[in-house]
Structure formats: structure tokens, C-alpha cells
Amino acid sequence: MNDQNFLERTRRLALCMAELHTSLDPESYALLLRILQGLNEAIVHRDTGVDLPFSAREKELFTPEFGRVLEKLAGYLGPHGMRVVVGGGIGEAGPYEGDGRERDRREVDAIARASGMCP
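Going letter by letter, the sequence shown gives residues 1 to 119 in the numbering used here.
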């Protein structure tokens with residue numbers, strides 16, 4: 001990653017966060033910050049996943065629109081951006097339902113293995 005690319009993504013992330021700080025309600029913004037902190041930890045420790053428990057209220061706040069915002073922000077993180085796959089644990093429903101969740105998890109695990117990371 002070159003410095004110019006990093007600086008541009010950082011600038012876009014900062015602008016987006018400033019806009020979200022004023023447009024999101026305080027609960028949603030706090031949830032967003034908690035999730036971004038988890039993503040940051042994953043980047044720092046080169047983990048392949050983030051497992052954050054959600055309260056019932058946080059699940060309510062995690063709307064499809066909130067998920068799209070999170071996906072956009074995650075695209076600014078990491079050396080090549082990040083792909084966010086949202087879901088619950090095995091046998092547990094996450095904020096997004098769908099049969100693609102397990103397939104996405106397997107794909108992410110395979111990418112991690114191929115990259116020399118332990119899924």
C-alpha cells in the first residue's frame with residue numbers, strides 16, 4: 001500500500017465518521033465505535049474474525065442501513081480494505097439472516113488459510 005492510498009482512505013474515513021457523528025443517534029454511533037474497535041483489534045492482531053456479542057437493543061439498532069454503513073467504513077480499513085460478514089454464532093441468528101452467511105464464513109476461512117493466517 002502506498003502512502004497516498006493510505007492517506008486518502010484515512011481522509012475519507014475521517015470525513016465519513018464526522019458525518020455519522022452528527023447523523024446517527026448516540027446509541028447507534030456508540031455501537032458503531034464498538035464494532036470499529038473490534039475491527040481495529042482484528043487488524044492489529046491479524047485475526048480473521050471479530051466476535052462481538054450484541055444485546056437485544058444492539059440487534060435492533062443493527063438495521064440493514066447500519067450494516068451498509070459498517071461495510072463502507074470497513075472498506076477504508078486495513079491494507080486492502082476489509083470485507084465485513086455479519087452473522088451470529090453457530091445455531092444463532094445474527095443481525096442479518098440468510099443462507100449466504102455460512103458460505104461467506106467458509107470463504108473467509110479459506111482466504112485466511114491461503115494467506116497463512118489461522119482462521
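Careful: at least some of the hints might be erroneous.
Said to hold, decoys possible - Simulated restraints, written as ranges between beta carbons of each label pair:
#	residue 1	residue 2	range
1	6	63	26 to 34 Å
2	30	51	16 to 24 Å
3	59	5	28 to 36 Å
4	67	7	23 to 31 Å
5	26	46	14 to 22 Å
If you are wondering where the hints come from, they were derived from the structure by calculation, not from laboratory data.
Remember, it's a predicted structure, so these values are computed and weren't measured experimentally.
For every residue, glycine included, the Cβ atom is placed at its ideal position computed from N, Cα and C.
The hints, checked one at a time:
1. As the Cβ distance of residue 6 to residue 63 is approximately 31 Å, the hint placing it in 26 to 34 Å holds.
2. Under the hint 16 to 24 Å, the C-beta atoms of residue 30 and residue 51, about 19 Å apart, fit the expected range.
3. For residue 59 paired with residue 5, a C-beta distance near 35 Å keeps the hint of 28 to 36 Å intact.
4. The hint said 23 to 31 Å for the Cβ distance between residue 67 and residue 7, and at roughly 27 Å that hint holds.
5. At roughly 32 Å, the beta carbons of residue 26 and residue 46 sit outside the given window of 14 to 22 Å.
Hint 5 from the list above is the single one not met by this structure.
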